[in-house]
Structures are given as C-alpha cells and as structure tokens.
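> Single-letter residue listing:
Number of protein chains: 2
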Amino acid sequence: MEEQVSNKQVLAAGLIAGNPKQTDMYLQTSTITLQLPPEASNAVLVKNLYLSCDPYMRGTKTTFGTRLFYSFSPHSPIIGYGVCEVLDSKHPNFKKGDLVWGVTQWEEYSIITTMTDSLFEIEHTDVSLSYYTGLLGMPGMTAYAGFYEVGVPKKGDYVFISSAFGAVGQLVGQLAKLMGCYVVGSAGSKDKVEILKNKFGFDGAFNYKEEKDLNATLKRYFPKGIDIYFDNVGGDMFEAALLNMRRRGRIAVAGMISQYDLDEPQGIKNLVNIIYKQIKIEAFTVYDYYHLYPKFLDTVLPYIREGKITYVEDIAEGLENGPAALEAMFTGRSAGKQVVLVARA
Amino acid sequence: MEEQVSNKQVLAAGLIAGNPKQTDMYLQTSTITLQLPPEASNAVLVKNLYLSCDPYMRGTKTTFGTRLFYSFSPHSPIIGYGVCEVLDSKHPNFKKGDLVWGVTQWEEYSIITTMTDSLFEIEHTDVSLSYYTGLLGMPGMTAYAGFYEVGVPKKGDYVFISSAFGAVGQLVGQLAKLMGCYVVGSAGSKDKVEILKNKFGFDGAFNYKEEKDLNATLKRYFPKGIDIYFDNVGGDMFEAALLNMRRRGRIAVAGMISQYDLDEPQGIKNLVNIIYKQIKIEAFTVYDYYHLYPKFLDTVLPYIREGKITYVEDIAEGLENGPAALEAMFTGRSAGKQVVLVARA
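Each protein sequence line maps, in turn, to chains A and B. Read in numbering that gives the first Met the number 0, the first sequence has 101 at position 102, and its numbers run on one by one without any break. Read in numbering that gives the first Met the number 0, the second sequence has 0 at position 1, and its numbers run on one by one without any break.
These are calculated hints, taken from the structure and not from any lab test. It is possible that some hints are incorrect.
Heads up, the list lumps identical chains together, so a pair's fine if it works in one copy or across two of them.
Cut-off 25 Å, straight-line C-alpha distance, at most; resulting in silico cross-link-like pairs (DSS-like, lysine-lysine) [stated by the list, open to error]:
1) 268 with 208
2) 211 with 268
3) 189 with 154
Here the structure is a predicted model, which is why all the values come from computation and not from measurement.
Chain A extracted, bound-state conformation (with noise of 0.2 Å):
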C-alpha cells in the first residue's frame, strides 16, 4: 500500500446565512495517498499552491437557505478557484509537473474528476502563479468578457464602474483606460479610492458609503453621461446609473450582489429610461467565454510584462487562515483581490 500524507482540509459547516463567515467553515485533517488509483481514469491529483476567495463563492439563496458554492455538500471540503501543481494524472491533458489553474478544493491535496474541463495549463510562469487566482483566471477573464464583449467599447467612452478595487474591477478599469476611455470607480474605503485613483489610473473614484444622493454623484462624475457601466452591485448604484446613461450606453451586469440577501428583491424604477436613450443591460457569466482564453492571455500578458497592468493581492498565508480571508473578502477588508497561500511551487 502507498504510503499516506496528512491533508488539511477547510470544510463547509452547513447553509449560511448571509454572507459565509470564519464560523461557517471548520478545519480538519485527513489523509491521502499521493498516487491516483488504477482505475481513477481521468483523474487529476494536485497539491493546491493557492486558492481564491470569491463573491460567487456564498451561492444563491435556495429554499432551505443559502449554500456556500453551488456544488456545496455539507461537511465536504469548500469548492473554490485555485493554482495547483500536477502531482499524478490518468487525464490525456495533463502530465506530472504541469502547472494549472481551475476548480479544485480547499484542502492542500485534492483529487480532480469531474471538473477536469475547467482546468487550464499555465504556461506563463514568469509573472506571479497567484495572477492566476485573480488577474490571468476567472476573475480577469470576467474582466475582459464582460468589458470588450458586452461593453463593445471604444476610445473616448465613458466607463463607470462598481466594485472597482475588487478582483474583477481592477482590471476592468486598467482596460478601459489602456484603450484610452474616462473611467471612474466605486469603492467600499478611503484607501481604496486612492488605489484606484494613484496607482490604476482611473480619473475619479470614490467612496459610496460617504454618498447620499448616488444620483447626484454620478451626475457629478459624468456630466456628459455614462457609455459603459459595469455593474457588480445592482440596487440603487443601478438606479442611479440608469439616470445618467448615455444614448446606447451598455450595461454589463456581472453581479448584483446587493440583491442577493433580501426578502423581497428591490423593484427597479428607473428601467424605463433604457427607452429613452436605447440602453442595453445584459448580465453575463465567464463561462460562455472561455474560448477567448487564449486571445485574452495575448492581450493581457504583455501589458503586465511592460508594467502598464498591475494588480493589487491580499495573500493570506496558509489554508488555516482561508476562512478569515474569505469572510474578509465578503465584509471589504481585504486589502486587494484576496488570495490563500497553501504551499510555494
């Protein structure tokens, strides 16, 4: 018989109530064998370097309460984003050694079957491994769907953005300017706002929660209007957005996540207005655009190289520490797009 390693696990205490926090999640040890078995055809075995916390990870409400994650299983390891390194593989694609991104678990070894689609090789390991939790994976590619795909921009636009700082946003905005647009952030913190502001480049930003009249704001903002408005919050910054678009303006719903706790969702008033100025909203998921994967990489990857994309991380150092830094990315105290480190390449 193979001989057996310890395997620290973060497993899901239960359905949530809310946004997940540290008490949801509990610590376990267990162990594994580090060799696939014979007949595990397909399978994939990793050692997890990093895993990422983000907003879709607190599910959507169901009948019974709201779950962490889709695949969700109480008592079951938390299913998440991550960097791993290939330590055993029955799967064509992959090959001991490789490096990959995808959908693993949140435990330092895990066994890869079913989710084997949404592994991607990493092929670039000269920029940071952890981009690939955030910058170069899901979350960058959401960036680059939802802003060249459904915001179709062009240069001299004016590009609003909620959520700016959060792992998605960031880029979002680094994009928008890159292609030579006015851009203007929300963010949840002062330090934030100047982020935005001093390190990315945006031409404004600010705080929504020293905001009373978002209207009055984004009028302030954009005195000529808004093109593209990409929206990761919904409620009333959407109202407020719906206002001040611009004629054929295009709305890019990544997420509404103010919506998501309430008992009853927040009737929209202001929808009428897409009338008037022809406004198309339409929300979209990264998963029908993986095929751009490869052209988003060329996209992306010399910007980065040449210093004129960056990214700001909030690496939390080892798996016992990933509920805290999951519950710190759901409250907006997470310093940057928020990383675990399970163990270095």
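Guided by the hints, dock chain B onto chain A, whose structure is given.
The following block gives chain B in isolation, referenced to the frame of chain A:
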C-alpha cells in the same frame, strides 16, 4: 401670384392628459399654393395620401404635460408618418410625381423642409401603398430591426410578443414563424387573438385582459421558457417575462406603453433574474437601423408577393376622421394597423 387651393388640416389643441383623444385635436381649413416659392431650397411639396396612427405619437411627459408627438407645437398640424405624392420639389433627391413615405403633417398638402432626410422614395407600387405606413414603413422596419438585430433569432427559438396585433407585432410574429420559431402573442381582445392564430399562424395567443396571473400564463404557453421577448408594453408583462426567460434569452424593448402615464414608474422586482440566466435587455429605436431598409425590403417584399406575409389594416376614410382614428388606435379599438386615407394616388 399662383392659384391657391384649400388645405384641410388636423391641429393639436394643446397638451394632452394620458392618451390623445379626439378632443385634443381640431379641424381647420387653410389655403396653400401648389407650387414651391423659388427660395424654398431643398423643400418638397407633397399631397398626403395616407397618414399613419402610431403609439409613439402620444410623446412623453414633460414638466408641462404630455405632448402629442415630440416636435408638436400647439395649433400647428400634427406631425406623423405618411405616404405622399410629390407635387413640386426643390430637393435634388425628389421630383414631381415621386411617391414617398416618411414624416409629414396631418393635412391635405404639406411643405416638408427640415425632415426631408426622413423621406424614402417608394419604388415598389405593386403592393398596397398604405403598407408604407405600416408593414413596409416605420413599424415594419421596427419589427425587422428589433427581431433580427436585437433579438438575434435562430430556428426553433421560443418567441413571445406583447401587443402582437399591433402594427409592429404582426410582422414580428410572421418573421419569427418564417424562421421556424415557436411564436406566442398577447393582445387585448378575443377577435385579435383569433386573427393572430388563424391568419398569422401564431402557435398560441392570449387576451391579456383575461389572464389573472401572467407568470402562470407564460409558463403555460412556454413550458421550456422564452428565448426572445419582443416587448411593447413593459410593466407586469415584463415582470412575468423576466421569470420565464431561458438562459441567454434576449428581450428586445420597442416600447413600454404601460409605464408612460404613471406618476411614478413601476419598480421592476424580477430584474435580478437576468443574472441567473444571463439575459440581455436591449431597448432600441428604428432610427438607428434605417440603413438596413433596402435589405428589409429585399426580405419582406417577396414574402408579401408570395402571400407568406400578410397584414391587417383598419383604414379610416377622410382626414376629418383622423382624430377618431388616432383615438381608436390608442384605446385598442382599431381592427388592424390604423391608417387614415386622405386621398387616393
């Protein structure tokens, strides 16, 4: 001095409350010289043959009240689409004897000066000239642009059309059937519902006034959901449609007539559903698509000649019956696309 002839006119009395009524208009007879003065460069003098009654003519609420058509000024002839014969022209694109359709005024003879850009020459006269107020005019082009360009249909799509018996809806439904879609429409009377099913070949149709729970109604007609919703009404129907859209469904918004008279617009509570299904909502205006008019004619004219597309009109005879016809269109009493016959060609 040239001989003058009498020119019967329909004038707007003032601002209106809600939908226009006969009493918001009045008749007057003035005189006109049937020759353009030498200084009228780029002007066209026309004899109006058919005038069109269209929903957009009620305009939108202003601080002062609702206007009858956007460029209305009190005690001037109502502005609207029509089919006309050119009697005199100082415009390089038009000559005496031409038949045109476009924006004219509600009177027997009009001098068109500023809106000549909106005039289209009628080249095909083997079909009913009145069709250029509807099927082959602005409403037809609205149907074509909304269905093909905004709706992006494919064979087998499930298509729902509100105001399906209207000047636009009639064509949307027939284009969708010709493409191999499953088509259901809503209308406001039993007679209209019968025509949708029996004359236009809709797979289903219902009288929305008899439905208590529109969500249940749509679930009944679309057990697998809706791919394209062609929206003319907004409000409760829009809410119900949002609950029944399929993944990546498209809502083409031509109008939201249920919303224009409300003091405060109805809050749309189901908007968050666009996230779960990646829905696109796009409001559009025909003015952005007139460059496709030749392509539109190439598509629709053969279908008309082959009897594969038909059209139901309600033609009021005589300009003096125009105000009653316009009121009938707004109250849903018209038995087809409402047209006013002013003079035969």
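> Hint by hint, where does the structure go against what was stated? Just the numbers, ascending.
3
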